[in-house]
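Kindly produce the complete structure, drawing on both the sequences and the hints.
Single-letter residue listing:
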Amino acid sequence: MRYSVFSILANGLAGNRGWKPVWREPEPKREYDVVIVGAGHGLATAYYLAKEHGLGNVAVLEKGYLGSGNIGRNTTIVRSNYLLPGNLPFYELSMKLWEGLERELNYNAMVSQRGVLNLFHSDPQRDAYARRGNAMRLHGVDAELLDTEGVRRLVPMLDFDNARFPIRGGLLQRRGGTVRHDAVVWGYGRAADALGVDIVQNCEVTGIRVEQGRAVGVETTRGPIRAKKIALAVAGNSSRVAAMAGLRLPIETHVIQAFVSEGIKPFLDIVMTFGAGHFYVSQSDKGGLVFGGDLDGYNSYAQRGNLPVVEDVCEGGMALLPSIGRLRIVRNWGGLMDMSMDGSPIIDRTPVDGLYLNAGWCYGGFKATPASGWCFAHLIARDEPHPAAAAYRLDRFASGRVIDEKGMGAQPNLH
Amino acid sequence: MSAATDFARRDAQPFRLAAGGLIDRSRTLRFGFDDLELTGFPGDTLASALIANGVRLVGRSFKYHRPRGIFCAGSEEPNALVELRTGARREPNTKATTVELYDGLVADSQNRWPTLRHDLLAVNQLAAPFLGAGFYYKTFMWPASFWEKLYEPAIRRAAGLGRAAGMPDPDHYEKSHAFCDVLVIGGGPAGLSAALAAARAGARVILADEDARPGGRLLADRRLVGGRPGPEWVTAAEAELATMPEVRIMRRTTVFGVYDGGVHGALERVNDHVPAPPEHEPRQRYWKIVAKRAVLAAGSIERPIIFGGNDRPGVMLAGAVRAYVNRFAAVPGRRAVVCSNNDEGAATVADLAAAGIDVVAVVDTRHEVPAATRDAATKAGAILVPGGRIIEAKGGRSVRSALIRSGEGRDIHVGCDLIAVSGGWTPSIHLTTHLGGRPTWNEGMASLLPGTLPPGMSVAGAAAGHFGLASCLAEGARAGVEAAASLGFPRVTAETYRADEESVAFAPFWYVKDSIGKAFVDLQNDVTVSDVKLAAREGFRIAEHLKRYTTLGMATDQGKTGNAAGMAVLAEATERSIAEVGQTTFRPPFTPVAIGAFAGHHRGKDFRPTRLAPSHRWADERGAVFVETGNWLRAQWYPEPGETDWLQSVTREVQATRERVGVCDVSTLGKIDVQGPDAGLFLDRVYANTFSTLPVGKARYGLMLREDGFVLDDGTTARLAEDHYFMTTTTANAVKVMQHLEFCHQCIWPELDVQMVSVTEQWAQFAIAGPRARDVVTALLDPGQDVSNEAFPYLAAGPVSVCGGVGGRLYRLSFSGELAYELGVPARFGDALIRAIMEKGAPFGIVPYGTEALGVMRIEKGHPAGNEINGQTTAHDLGFGKLLSTKKDFIGRFMAGRAALTDASRPRLVGIRPVDRSVRIRAGAHLVPRDAPADAAHDEGYVTSVAFSPSLGHWIGLGLLSRGPERHGEVVRAADPVRGGDTPVEVCPPCFIDPEGERLRV
Amino acid sequence: MRIRCPYCGERALEEFTYRGDATVTRPTSLEPSVEPAWVDYVYLRDNPAGRHREHWYHGAGCHAWLVVTRDVRTHEIFSVEPAAEGHG
Amino acid sequence: MSDRLAARSALHGFAVPGRHGRMDGAAGVTVGERVDLGLASVMARKGQGTALREIARAAYGADLPDTPRHVAGPEVGFIGTGPGQWLAVSERLANGDLSTDLSTKLKGLASISDQSDGRAVVRFAGGRAREVLAKGLPIDLHPSLFAPGGAATSIIALMGVTLWQVDAVPTYDIAVFRSLAGSFWKWLTDSAAEFGYDVAPTR
Ligand SMILES: Cc1cc2nc3c(=O)[nH]c(=O)nc-3n(C[C@H](O)[C@H](O)[C@H](O)COP(=O)(O)OP(=O)(O)OC[C@H]3O[C@@H](n4cnc5c(N)ncnc54)[C@H](O)[C@@H]3O)c2cc1C
Ligand SMILES: NC(=O)c1ccc[n+]([C@@H]2O[C@H](COP(=O)([O-])OP(=O)(O)OC[C@H]3O[C@@H](n4cnc5c(N)ncnc54)[C@H](O)[C@@H]3O)[C@@H](O)[C@H]2O)c1
Ligand SMILES: Cc1cc2nc3c(=O)[nH]c(=O)nc-3n(C[C@H](O)[C@H](O)[C@H](O)COP(=O)(O)O)c2cc1C
Ligand SMILES: [Zn+2]
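Heads up: the protein sequence lines correspond to chains F, L, R and P, in order.
Our numbering applies: residue 233 is where the first sequence begins, and numbers increase by one.
Our numbering applies: residue 119 is where the second sequence begins, and numbers increase by one.
Our numbering applies: residue 50 is where the third sequence begins, and numbers increase by one.
Our numbering applies: residue 6 is where the fourth sequence begins, and numbers increase by one.
FYI, nobody ran anything at the bench for these hints, they're computed from the structure.
With a Cα cut of at most 25 Å, we get these calculated SDA-like pairs of lysine to any residue:
1. P:Lys112 x L:Leu870
2. L:Lys512 x L:Lys631
3. L:Lys497 x L:His531
4. P:Lys191 x P:Gly132
5. F:Lys460 x F:Arg625
6. F:Lys638 x F:Asp379
7. L:Lys854 x F:Ser354
8. L:Lys410 x P:Phe151
9. L:Lys958 x L:Gln903
10. L:Lys651 x F:Asp517
11. L:Lys1000 x R:Glu80
12. F:Lys252 x L:Glu662
13. F:Lys638 x R:Glu63
14. L:Lys1006 x R:Thr74
15. L:Lys651 x L:Glu693
16. L:Lys651 x F:Ile240
17. L:Lys651 x F:Met233
Take a look at the structure:
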């Protein structure tokens, strides 16, 4: 059913009895054209497969509930302020898809282009951000380089007077912002379902059937399912699932934590990152400050972290915003990052025919959801990479054509 | 009863009982709530004091701005949130039930406009039918631009209850560590008996309780332990624990989370019970308690029964009612209706009656009402309604009456100002799940009970589902004994406790289906029964979906009182058992923790430690401008009187150095002693070039790669003896390189006989550069030391005697390109040496120069530094290709050989000068062909570093340009859209000055 | 998390720096033919959801590189050994 | 020829002698700087462990500890800082004299590096000393586990330290990197302020 003010009024007056389920809960069929594993980017992928490529006989298999993965536990920042040519066109494509998403899906995902501000605190950092800002502009992406005063005008309550690392300016992308994470899940899920995609929750893939070098189906906790093509988008579980087809990936699984404070009246109207510590923050529409920082730093399949990072993040918060000292954290959680060896994602075929891989998103793949689905669908349907994602090849590590935005080298926890 | 809501009345604490309670009536405390001036007693919480004063309306709800009162007596409170304190100390969303009253306390109600009593936004209630769960996902989509401009600001203004202070927090916070054998979490009967047992066995025990004093329910209920009133027993237990040296009782301390390795996070509210922390004392202390064993005795949280209007001020949990009456001698009303599904109803009725409150009706949801409850009802002269329920609590800003429906369906309408409700108890198992343990649903108790526990944790008392007082005491003692015994302490015999009779029987009853009006499941987030049903209808049937769609349990109380009922309603709506529906995940913190507490000491200037160079004090006296480089503070430049901007100073420093002589503190460079017979061999493997062949008394530039073939760091390393090298790293990478070397040694080549240690801090080291450098050095060295070009040529290195016999080291190195030396002395002489250098250098016109001038000179010389060695560049990119030895294996050698890393089309190091010499170029500008548009297709590289070259009189830069070295002489453009620049620049070799390097060899 | 350093004893997580999989070994040959082995060493990881042998550095303590065997789902630590037996 | 360079201690200008922090009652701790100590890192050469121990015992009358402990000889004490690594400490062999002495006596058996100037050494004592240190040190200093002679290399408030217990007062010596002396002093005195502290004049 279509959502609108009118549907709300009509239903409201009718005691809200008329609303229909957002999606079906189908039993998985025994065979599909495409089986997508993982209901994060997988949902967007399924939607675009059906919508853009006319592939309706598609299933999304999800081991938990829709949105139980990182798409449902991230800090919701969307931006396209990347540095390297391999990344910029892709994330800008994603930004453009966000900008039209709500009308596309008839679902309010609260795309809020309140601006993303990366602070810098030294001249070398300024130079690096200038380099990045210029790269963005050359790619037709909006970017502004602010000095201290420019930052002060935007966020007056920062510590400008007593900072250990003075704020010297920031790189601002006004089109960046936040998107309501759960709404993205539900919006894509609902829209894909409406196009006939089977969304199967509580269905864990436990094996991948490979016959003569070709993937032909998956074993699941709800029985075997055959498929012409199998697409993996399982984030922190990428290595485990790929191993079912005998693959080893340039990926480690790490946990990153996030925090939300008690709700307060409007306080911060921008997304902000600290340049001299690990802290970034925005305020959710519910009023909580949603913030986070660095990875815990060690391989982890536990969706939770430890205290050193909690302290590190809060120290960063206090260094930047001394007025949040008395605000309280109500909840703190973690998610499983698919940290790649160069910090950039992979959208590619694999050595196994019919098996496609979407992984390596690190802590930055929420913003990518639309473009990731768009390009992954393109790859699956046409068997050729989408131009915007052409650099995300699996063989770039062997060749050395890595996409290393931070210049940290082949150590995932440093990206 | 009107008195209950009569704000005009001022006579002192009209709702305070004449006697009793654990309060100190000898002192009166004054406090303010909104425009009211009120009084209370030590021992009160803000909530109990408000109750004693007849204040029942304390806040407005999140979405509908409905009047709200006090619902609980502990940290599970969903309703009574206030802004505590004022100004920079304002704390929004503070639970009145956990605030200890102090003299002069000031609190304000939240989320109301203009006033609490007349809140205009209450009109939201009219729109309620359209503001159901998730309504916002279904609209506000058109037109897109309106979201940020119109809809979102409106939603955000409405959301969020309290207001942040908006000023820097004036108080300070501390971190601390504690270690123990047994950590007891919760100091109720179970916790106290556990602590006593473990302590008697000789274990180091920490007992933490979030309350101001231990005791738990024993402070709230009229119970007997061993014949003594509960509070007396508690006092005795405290007293015994206090005598034991290895026991620490931590009051006002909430254990908020369980972490790996027996680490428990706890927050001690050291000074929240006073107006402001005394000088030198923190407001709060964040503890990391490392415990070998933990006994969770966190008790249980009472459940409501959900009915229409259950959010009205005056509707209160029965256990809370008893707490206010018994512990605080404050009566929450004068005419009460008691509604429960369990045998504690009797105690509630009895306690109310004993306090002289009329109990008008006793509603028991069970048809079989136990004798105790019947008797209590009769004694109190209340009508008893077996198998009954409340279908609506009527009233405005406070309950005025209750509409009761009897088992037979008869409606009874009774006037009342208090409804004490109990739906039974939910064990506080939160902390058992923090490490991923899944609780298990117990049908009999209609509760989740602890499942898999964190290693070393056991659970006792109500938290484990033992609701009887006697069993709480017994189980606590047993848990204490076991915990100690498991650590090898003697197995003491658990004390046996006697408690008065009680029955804990109950029959689950979650919500009243035939309620009239809104029935709230989550009081703080305004989630109603119909919201839950709507969500179910829309397919949000999984517990986690329900939570996210309705926001059930996502408020500051995390659904401590509402979640269980929410799941029950969902189960019913989807025709499944509660077990099937499952539960949402508990996460830390158990109760909210202030961000400042986690930061502790590390804020403001103390955010990170500051490293000061040996010449810091001298430079400071001299008025140097400092810059943060990593944790170091370094002199950036030294302004002279009359100089107005940095460029003037820096230009002067460079000119003076190039024409005469300058000095710069380079002590911050990483310095590593690499020693042992295999030191040379080891360096050959970690450096791309060769060091085993370096003669003693010589230094050499070295380049280090990462194993993936990209450049890691560079520096010079001198050979001081056959088996002793002195390595320097960049300031930024000092720690990283040390770690890298130790990895290479310990994990890759442990067979090598080499030892390494950082000596960064041991040496104060100064670069003395410029044509007169030798004169200055000669003047500093003790006589008889020859530093002539012949005796001490370029790249020579060796020990020297400085200024009267101080043992130093001299290196003939040059970053500036001038004749230059680096002179090192033990750091304690650093301050004296810089002063001596300036003194001895004066005749030669010496100037100190800072990191800026250093940078200018290295750019003039084309030396790559941090902006070029950025982790993305290869040796080949930086023109160091020839350094890579082909005679040996070294870290990164194989991967550096890959085609992609040596591809000629990669951006490679070049020099840049503006075609129009008067133009300034900027680092970060991108390089595009002269006549091409500045776009992605034509992006050929970028400018890494720039400087105004005093020697050349114009701006110069270094850059990384595709095929750069083949393009010297070509003109390209430096496009800098973020700063509005776009200027033609000429590509040239990176070295602008003295390319043959003659000056540094003179 | 707490790690029992063989030399220093049980210490807090803050004192250690993580590197990663300790089961990959650096090839000794520089022959072009061993490129796959180098790629494995530098880039590919098993990344199991279970027991994991991994390198930790006790940088704030004894500077020893340790091989820790840990269940990466529960963070239970089974063993901690110096990477270089009797190093020093 | 010039007059000899004047040495300046790491805490010069930070440590102000006298009573600070909370003023009422006796000071909870006293704190002061130890200057002119000889400090040196001693790292055993490969396979020389045994020989090294024997020579060291002969030369300095101290057994090189195999654990993080402080073993005091008549003139030189050795603190285990890692496998085959020690921090040698001496009052008698001041400053660089210690490393010179070690280098000659332990030649070929160990690599020696002078650290006398690389560390500020703070002497910290008093009834509340454990409580103060607990605010930064993630190590259990309970007397049953950490007694005189006990030593540890760890981290306090993000700063690396080597600490050893001198007596049962308790008194601790804490070595911190010289460049961090000021920040460490700030942390220590902030943390001690609630108990009141006396700063001993630097000898
Ligand atoms: C705390 C945190 C903060 C973040 N902040 C941001 C941010 O601000 N901006 C941003 O852009 N990104 C952010 N990210 C990263 C972002 O959330 C992820 O990169 C992105 O959501 C990944 O999407 P995905 O679809 O690949 O993974 P997921 O959304 O995790 O989806 C993968 C799904 O696969 C399922 N699955 C796994 N194994 C199996 C199996 N065997 N069978 C069936 N299903 C399986 C999982 O249950 C999961 O639901 C953050 C992440 C976290 C954890
Ligand atoms: N009759 C019934 O149905 C029924 C049901 C439940 C409980 N009870 C009564 O309640 C009591 C239960 O005794 P108990 O000792 O198990 O629990 P308790 O409720 O008496 O005490 C729990 C204590 O733990 C503290 N606490 C809770 N979480 C904490 C945390 N995270 N950190 C620090 N402190 C924390 C609380 O402040 C409280 O003081 C008994 O008297 C029992 O009879 C009766
Ligand atoms: C952007 C964002 C905002 C959130 N806001 C809240 C909140 O206000 N209250 C709350 O209890 N949890 C909030 N959460 C956390 C969720 O409750 C939940 O912890 C998170 O989605 C991870 O799921 P899990 O804890 O069930 O594993 C938020 C999460 C995200 C991603
Ligand atoms: Zn160690």
